[in-house]
Amino acid sequence: SQTIHQWPATLVQPVGSPLSLECTVEGTSNPNLYWYRQAAGRGLQLLFYSVGIGQISSEVPQNLSASRPQDRQFILSSKKLLLSDSGFYLCAWSPTTYEKLFFGSGTQLSVL
Amino acid sequence: AQSVAQPEDQVNVAEGNPLTVKCTYSVSGNPYLFWYVQYPNRGLQFLLKYITGDNLVKGSYGFEAEFNKSQTSFHLKKPSALVSDSALYFCAVRDDSGAGSYQLTFGKGTKLSVIP
Chain V
62 SQTIHQWPAT
72 LVQPVGSPLS
82 LECTVEGTSN
92 PNLYWYRQAA
102 GRGLQLLFYS
112 VGIGQISSEV
122 PQNLSASRPQ
132 DRQFILSSKK
142 LLLSDSGFYL
152 CAWSPTTYEK
162 LFFGSGTQLS
172 VL
Chain P
7 AQSVAQPEDQ
17 VNVAEGNPLT
27 VKCTYSVSGN
37 PYLFWYVQYP
47 NRGLQFLLKY
57 ITGDNLVKGS
67 YGFEAEFNKS
77 QTSFHLKKPS
87 ALVSDSALYF
97 CAVRDDSGAG
107 SYQLTFGKGT
117 KLSVIP
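One line per chain: the protein sequences are V and P, in this order.
The numbering used here applies: residue 62 is where the first sequence begins, and numbers increase by one.
The numbering used here applies: residue 7 is where the second sequence begins, and numbers increase by one.
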């Protein structure tokens, strides 16, 4: 069966520090991969999606970037965190574009 | 552009009563519609989806949703609410027309509280 792993679960970082959040999927190949941000426990904002290795699409211009160095690995990064980067970050995958998403357990990021 | 609206921030229902969480959508083509549930500090879990076919879709944990094309709605329902159903519920839509079709657009969520 397929599983998605996302870590860390909680992260507290100072303003201006770098960020690296990692997400891996097991039990499938060539998944579509997504990064979402959820602010204040409510709506989800799509940040990045990827349909293959090295293929990254950005939905919102911001202080963050994403990379997909391997088929089942998706990384969210920042060189310098801002206070506004705080939130709950969710990684997700789907077998194809029109299938349901499977979500990771999320990372609560607090930038202080 | 595709969009989805959940008009109620919060829904309160007594245990054992039927519940409805509302969702309306807007797309250029045909909609792919989804419901997800989120428990505190957790990722979202898939409940059910409508792609095509029967307008009444049955999903996990006794939930169902009715697709109404004329009213552009996809309301989530359950005949008898449980306290354990208390959570945050998200409706989501994807447009099959190809415009922004990679993007699954989520509503802002509705907090369901089931009162014992």
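Simulated from the structure, these hints should not be mistaken for laboratory data.
Please note that the accuracy of each hint is not assured.
Pairs of lysine-lysine, DSS-like flavour, derived with a Cα cap of 30 angstroms [as the list claims (entries may be wrong)]: (1) Lys28/P <-> Lys161/V; (2) Lys114/P <-> Lys141/V; (3) Lys64/P <-> Lys75/P; (4) Lys141/V <-> Lys28/P; (5) Lys140/V <-> Lys117/P; (6) Lys83/P <-> Lys140/V; (7) Lys161/V <-> Lys83/P.
Status of each hint after checking the structure:
{"no.": "1", "hint": "Lys28/P <-> Lys161/V", "in the structure": "holds, 20 angstroms"}
{"no.": "2", "hint": "Lys114/P <-> Lys141/V", "in the structure": "holds, 28 angstroms"}
{"no.": "3", "hint": "Lys64/P <-> Lys75/P", "in the structure": "holds, 17 angstroms"}
{"no.": "4", "hint": "Lys141/V <-> Lys28/P", "in the structure": "violated, 40 angstroms"}
{"no.": "5", "hint": "Lys140/V <-> Lys117/P", "in the structure": "violated, 35 angstroms"}
{"no.": "6", "hint": "Lys83/P <-> Lys140/V", "in the structure": "violated, 45 angstroms"}
{"no.": "7", "hint": "Lys161/V <-> Lys83/P", "in the structure": "holds, 20 angstroms"}
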